[in-house]
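J.: Residue numbers (this note's numbering), protein chains in the order written: chain A, 318 to 499; chain B, 318 to 499.
Hints may be right or wrong, so weigh each one.
Treat identical chains as interchangeable: a pair holds within one or across any two.
[To be verified] In silico BS3-like links for lysine-lysine, alpha-carbon gap of 30 angstroms or less:
id	residue 1	residue 2
1	Lys386	Lys428
2	Lys386	Lys337
3	Lys381	Lys342
4	Lys428	Lys381
5	Lys423	Lys342
6	Lys428	Lys384
7	Lys437	Lys423
8	Lys381	Lys423
9	Lys437	Lys337
10	Lys445	Lys423
11	Lys465	Lys353
12	Lys334	Lys386
13	Lys353	Lys437
14	Lys348	Lys334
15	Lys423	Lys348
16	Lys423	Lys384
17	Lys445	Lys348
It is worth saying that the hints were derived from the structure and are not from the lab.
So the chains spell out like this:
Number of protein chains: 2
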Amino acid sequence: MTDYIFDFIGGDSGPWKVTKMNTLKGLPLEKVSHIKRQPNSILKSNEGTWALKGVISNLRYTEKGEKEKLIALQEDIGRASATHMAMIPMRKSESWWALAQDERRKIFENKSHHTQTGLKYLPEIARKLYHSRDLGEPFDFITFFEFKPEHANYFDELLGYLRSTEEWTFVDREIDIRMIRV
Amino acid sequence: MTDYIFDFIGGDSGPWKVTKMNTLKGLPLEKVSHIKRQPNSILKSNEGTWALKGVISNLRYTEKGEKEKLIALQEDIGRASATHMAMIPMRKSESWWALAQDERRKIFENKSHHTQTGLKYLPEIARKLYHSRDLGEPFDFITFFEFKPEHANYFDELLGYLRSTEEWTFVDREIDIRMIRV
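Could you build all of it, start to finish, from the sequences and the hints given here?
T.: Next up, the structure:
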């Protein structure tokens, strides 16, 4: 067991009640009423309707100046007042992964302003990225967001912008799951 | 089971006969006489004295121009005449992983010339990188090299250079395992 690999388990129990599951691209996930996140153990869990694994890893595109701004502004997930959450498993196409590092960075930031846009919504929209691609999972990432109920529209605005970018043309599976903490 | 996650199993059987195991930094691995590589299955293997897992992943630092040169020059591992091999499990320090992407790239290439140096030894020294860090493994990478017996000194020269670089000051565990195909 490690403290940086997690299972997100969708089923009929857990601290997060699902309010909406919306498949934007690719195959859907089976509908569930609750989701929980737990530290991964070596044995594959048979719990729940589905289980998605993700690992907290090092930064892949963020540069020094951006990192310093993020650290200055962001708050960690787990704030008691941030009762609304979104979990967005997504996958990018093989053509994305075949690009060299500088080509991906150019699309990610120079053209799509991914980090700069996320910064505008800090600290209200807290975010945590879990990497799944190298774990043999069906998704490449699980992005987890947390915010106060009054910032839900604010969050939709952020997502709307990101989904209009060149980076998102490489997304070939995306499921937007909204939850509230119970 | 996937076709990009592999287990390297050290024990008393396998197609690769170990000729030397040299710990350069950090804890050693238990001595074994043979090593095999097999596709990873979900169940943890209890085979062998030790098992190290690694995943073939996307490029992390390589830029477009470098990638094109690599593709033009490199040969895949598995050449019948390349009977000599090295497997080098290594780990980098937390201070490396805490750096932003541009800081790591600067040390990796601008200062340490990692890719440029590797290119000089192509196609003679074939190389394959397996990522382990995000799998909860004791090493961050397993680098696998393959060459003809007459290029063994050439390979040592390449390693000697890399180990003298600023990048290598971040390496905190490294085991150099030499093998021949039996």
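J.: Check lysine 348 against lysine 334 for me: Cα-Cα at most 30 angstroms, and say if that holds within a copy, between copies, both or neither.
T.: within (12 angstroms within a copy, 51 angstroms between copies)
J.: At most 30 angstroms between CA atoms: does that hold for lysine 445 and lysine 348 within a copy, between copies, both, or neither?
T.: within (23 angstroms within a copy, 40 angstroms between copies)
J.: Between copies, within a copy, both or neither: which fits lysine 386 and lysine 337 at Cα up to 30 angstroms?
T.: neither (32 angstroms within a copy, 48 angstroms between copies)
J.: At most 30 angstroms between C-alpha atoms: does lysine 353 with lysine 437 qualify within a copy, between copies, both, or neither?
T.: The answer is within: 29 angstroms in one copy meets 30 angstroms, while 50 angstroms across copies does not.
J.: Between lysine 334 and lysine 386, at a C-alpha cutoff of 30 angstroms, which is it: within one copy, between copies, both, or neither?
T.: Answer is neither; intra-copy 33 angstroms and inter-copy 51 angstroms both fail.
J.: For lysine 381 and lysine 342, with the copy left unspecified, which applies at a CA distance of at most 30 angstroms: within, between, both, or neither?
T.: between (33 angstroms within a copy, 29 angstroms between copies)
J.: For lysine 381 vs lysine 423, is the C-alpha pair at or below 30 angstroms within one copy, between two copies, both, or neither?
T.: Classified as both: same-chain Cα gap 16 angstroms, cross-chain 11 angstroms, threshold 30 angstroms.
J.: Taking 30 angstroms as the upper bound on the Cα-Cα distance, should lysine 445 and lysine 423 be classified as within, between, both, or neither?
T.: both (22 angstroms within a copy, 26 angstroms between copies)
J.: Using 30 angstroms as the alpha carbon limit, work out where lysine 437 and lysine 337 are close: within a copy, between copies, both or neither.
T.: within (25 angstroms within a copy, 55 angstroms between copies)
J.: 30 angstroms Cα cut-off: does lysine 428 pair with lysine 384 within a copy, between copies, both or neither?
T.: both (18 angstroms within a copy, 22 angstroms between copies)
J.: Treating 30 angstroms as the Cα threshold, decide for lysine 437 and lysine 423: within, between, both or neither.
T.: Answer is both; intra-copy 20 angstroms and inter-copy 28 angstroms each pass.
J.: Taking 30 angstroms as the upper bound on the Cα-Cα distance, should lysine 386 and lysine 428 be classified as within, between, both, or neither?
T.: The answer is both: 19 angstroms in one copy and 26 angstroms across copies each meet 30 angstroms.
Violated hints for the displayed structure, listed by number in ascending order: 2, 12 and 15.
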